[in-house]
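Asker: Here are the chains, one letter per residue:
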Amino acid sequence: MRPIETRYARSGDMRIAYQVVGQGSLDLVFVPGFISNLDLHWEDEGYTRLLKRLSAFSRLILFDKRGTGLSDRVDAHNLPSLETRMDDVRAVMDAAGSGRAALLGSSEGAPMAMLFAATYPERTRALALYGGYAHFHKWVMSPERLDAFIEMAETAWGTGATLPHFAPSRVDDAHFAQWWARFERLSASPTAAAALARMNADVDIRHILNVISAPTLVIHRRNDARVDPDASRFLAQKIPGARLVEIDGRDHPIWTGDVDGVANLIEEFLTGERAVGEVDRVLAALLVTRIYDTARLGDRMWSERSQRFQETWRLLVGRHGGRSVGLHGELMISRFDGPARAIRCAAALREAAQEIGVASAQGAHVGEIEMRGPPVGMTARVAMQLAAHAGRGDIIASRLIADLAAGSGLHFTDAGRISVDELEEPLALVHATSEQHLEPACRPKPRVAEPAALTARESEVVSLVADGKSNAAIAAELRLSEHTVKRHVANILLKLDLPSRAAAAAFSARHPGPHGP
Amino acid sequence: MLTKTQTVDGAAIKKAIETRDGKMLSSFYADDALVRVIDRNNPPSKPREIRGRAAITTFWDDICSRAMTHKVDTTIADGDSLAFTQACAYPDGTKVFCAAMLELKDGRIASQTVVQAWDE
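As given, the protein sequences belong to chains A and B, one line each in that order. Our numbering numbers the first residue of the first sequence as 1 and each following residue consecutively. Our numbering numbers the first residue of the second sequence as 1 and each following residue consecutively.
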């Protein structure tokens, strides 16, 4: 397959970047929201999934709106009107040889798609609107909130600071948060982002809704974090014959949350046929990794370390040729083509966990799984039960894994049998033991932190930290400057090899000093 | 009074396809015609099926709305069977090639199977 080509359409004196994917009989133009970057979309799993689903039944035409991504920038002091920007859609369609297309307008792209449908009815085959609106201030942000948003965008643009405003449930997904920060940087400069936000704020197309004649489908997530669902209810009411479908979820971007659910609706609307639920089952090894004995860590330390471990998990799974398929509560689930890879990855994860200061417990099983969607089904459930059964540092696998990994050089020892809820016969288990030559001769002993290592003053500070006092409060109590207290706290963390204040507080509670906690 | 309609033959199909005349093309099909499309996205065991004139009209309207060139090269007729090949190109140069096999009934297309491949 040749790489997806990016081309440039001319719209007035502007160049608009676009891509064409798929060979379906109908043309579908995707009008993206606030910001976009044609190249970067293909680096996110959800975005790629959406584009693949849509291009499976259409010739999908993608573009970056002027001022965003790979398209020409706009003059921040002379913002183009919605009409001008809407004409970019026409320019891209002309360049791609599309005489008539269905339009999918997502978020900020929805008003643009609606204006296009009203202006060029003969070129609009159908209109699908997702998370859209007709009036910015009424359904997205009041002028005051917009000012605050722009101020935040101008000071923290490129750090991913806007993520909570769009996809709150992905904030803890470090991998996605990093992608989002790049998405900000590569889609618009800080000045452009502020200009775009102002440009969108002018949107009010309530008066054109009744002239839209294309068949219209309106989709909105019930708890959308960015755009009030009332916005779509209004659209469905005013656009003649429009159909509204409200779906579950609160993340706003169309490529987050239940992407397949959205794609199904759009496919059925445009082709008149229900998406064929292609059951795509493959034989694969599933590895379920959990952090053992989480109760021993304080909340703060737990969240810090588990986050680090999760990042390492993604990295190591990728490095071993696997795929991170999901987080199921505290269980990390990955999929591998071969059982040996899964076990090698499990061994690497066990090491990594120790370095981070947590203990892992893992289970691996092999069986048929569905390629699409979250890991459900028997194989996943068995692997999860094995992980739950595994002790500190253990890698427990079904006997089948060991049989299939014969000749791989991995060592397994018998681990008895376990009765699994859904299996009639108890399942034979093995322990995966590390390859001997990989075992370090002796492990570095973790340094035991002793309260005695602290000076008297530091002990005082740490017990006040344990009381939950701020640096300022401690400074006042000990008659020190806040700066000095800060230095004491830093020294304490360094001496005790602790990651945070909360950890120091927990330490103090476990080691009461002469004055008691 | 019977409306005089265009005879469906190789020449008529060639003309309609090459001039991107979707309306004319759709009028060649019987009301309950079936078009089956086989390509990379629609494998032989699960071809895309377009049933009935209304759906076929939409299909041809979509195809003909594209600013692409179509050239019907070889047409072979044998009784009620008709076959042709078609070379198409998008403005950006991407090429599509199709081979089609048609069965006629009472002078209208009753069924058609299209096999197509494209640059990618």
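The set of hints was computed from the structure by calculation and includes no laboratory data. Quick caveat, the model's predicted, so the values are computed rather than measured. One or more hints might be untrue.
As the list claims (entries may be wrong) - Here are the simulated lysine-lysine pairs, DSS-like style, with alpha carbons at most 27 angstroms apart:
{"#": "1", "chain 1": "B", "residue 1": "95", "chain 2": "A", "residue 2": "52"}
{"#": "2", "chain 1": "B", "residue 1": "95", "chain 2": "B", "residue 2": "15"}
{"#": "3", "chain 1": "B", "residue 1": "46", "chain 2": "B", "residue 2": "105"}
{"#": "4", "chain 1": "B", "residue 1": "95", "chain 2": "B", "residue 2": "71"}
{"#": "5", "chain 1": "A", "residue 1": "495", "chain 2": "A", "residue 2": "469"}
{"#": "6", "chain 1": "B", "residue 1": "46", "chain 2": "A", "residue 2": "52"}
Claimed, not checked - Pulled a few chain B residues facing chain A out of the computed Cβ check, cut under 10 angstroms:
{"#": "7", "residue": "32"}
{"#": "8", "residue": "55"}
{"#": "9", "residue": "59"}
We put the beta carbon where it would ideally sit given N, CA and C, even for glycine.
Asker: Could you tell me which of the hints above the structure violates, numbers in ascending order?
Answerer: As far as the earlier hints go, only 7 is violated by this structure.
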